[in-house]
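Peer 1: One letter stands for each residue in the lines below.
Protein chains: 2
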Amino acid sequence: MPKSYEIEDCPVARTLDLIGERWTLLLLRDLLLHGARRFQDFQESLPGVAPNTLSARLKTMEENGLVTRQPYSERPPRLEYVLTERGWSLGPVVKAMRDWGLKHR
Amino acid sequence: MPKSYEIEDCPVARTLDLIGERWTLLLLRDLLLHGARRFQDFQESLPGVAPNTLSARLKTMEENGLVTRQPYSERPPRLEYVLTERGWSLGPVVKAMRDWGLKHR
Numbered sequence: 601m602p603k604s605y606e607i608e609d610c611p612v613a614r615t616l617d618l619i620g621e622r623w624t625l626l627l628l629r630d631l632l633l634h635g636a637r638r639f640q641d642f643q644e645s646l647p648g649v650a651p652n653t654l655s656a657r658l659k660t661m662e663e664n665g666l667v668t669r670q671p672y673s674e675r676p677p678r679l680e681y682v683l684t685e686r687g688w689s690l691g692p693v694v695k696a697m698r699d700w701g702l703k704h705r
Numbered sequence: 601m602p603k604s605y606e607i608e609d610c611p612v613a614r615t616l617d618l619i620g621e622r623w624t625l626l627l628l629r630d631l632l633l634h635g636a637r638r639f640q641d642f643q644e645s646l647p648g649v650a651p652n653t654l655s656a657r658l659k660t661m662e663e664n665g666l667v668t669r670q671p672y673s674e675r676p677p678r679l680e681y682v683l684t685e686r687g688w689s690l691g692p693v694v695k696a697m698r699d700w701g702l703k704h705r
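Here the protein sequences line up with chains A and B, keeping their order.
FYI, in the working numbering the residues of the first sequence are 601 to 705.
FYI, in the working numbering the residues of the second sequence are 601 to 705.
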């Protein structure tokens, strides 16, 4: 689990506890844009991330109920990541960041 | 300067390069809520942050054109932090996080 901001009565801090770690928001961006993503898809779109960091972030997102894994192949068995309803509900946060980034180059 | 995500064509990554460091978004929250803030105000609202971390974050925000310092006392000379127009324009990002945090307790 990531380090909490430990500011219990602040809704901004509560959101940051879930998505404030480095790379998590960009994983969320990829999943919002593309729907299902395999591990290697994340590696291709985020070449700066070490695989163990990527694994750790996805595991935390899964523990926090933002993503889940589903099979996309039986032989060999393969899993891909998809957003849960809770994960999809973070769309407006990513959109607000995208809107700002588009306006401020 | 914080470590860049180095994903130049992504507006989300560009926004994160400015506000993605730990604590920066909560400093932004305080300034959006209260307008001008003194250094000790931040220390009071964010007791978990080391003073040197707080200084470093405020300095980076100043370098990135998000905050500026203005005098609020001449004797002794004292400065307080205020948002620039560019800093205020990040309001919708903080609001989206706040809205999410209020809905998901």
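Any given hint could be a false lead.
Same chains, same label: a pair holds when it works inside one copy or across any pair of copies.
Each computed DSS-like pair below joins lysine-lysine, with the alpha-carbon atoms no more than 25 Å apart [stated by the list, open to error]:
id	residue 1	residue 2
1	Lys603	Lys659
2	Lys703	Lys603
3	Lys703	Lys659
Hints in this document: simulated from the structure, not taken from any laboratory.
Just so we're clear, the structure is a prediction, and the values are computed from it rather than from any experiment.
Peer 1: Does each hint fit the structure? Answer for all of them.
Peer 2: Cross-check of the supplied hints:
1. Lys603 / Lys659: both (15 Å within a copy, 23 Å between copies)
2. Lys703 / Lys603: between (32 Å within a copy, 22 Å between copies)
3. Lys703 / Lys659: Classified as between; 23 Å across copies, 33 Å inside a copy.
In this structure, every one of the numbered hints holds.
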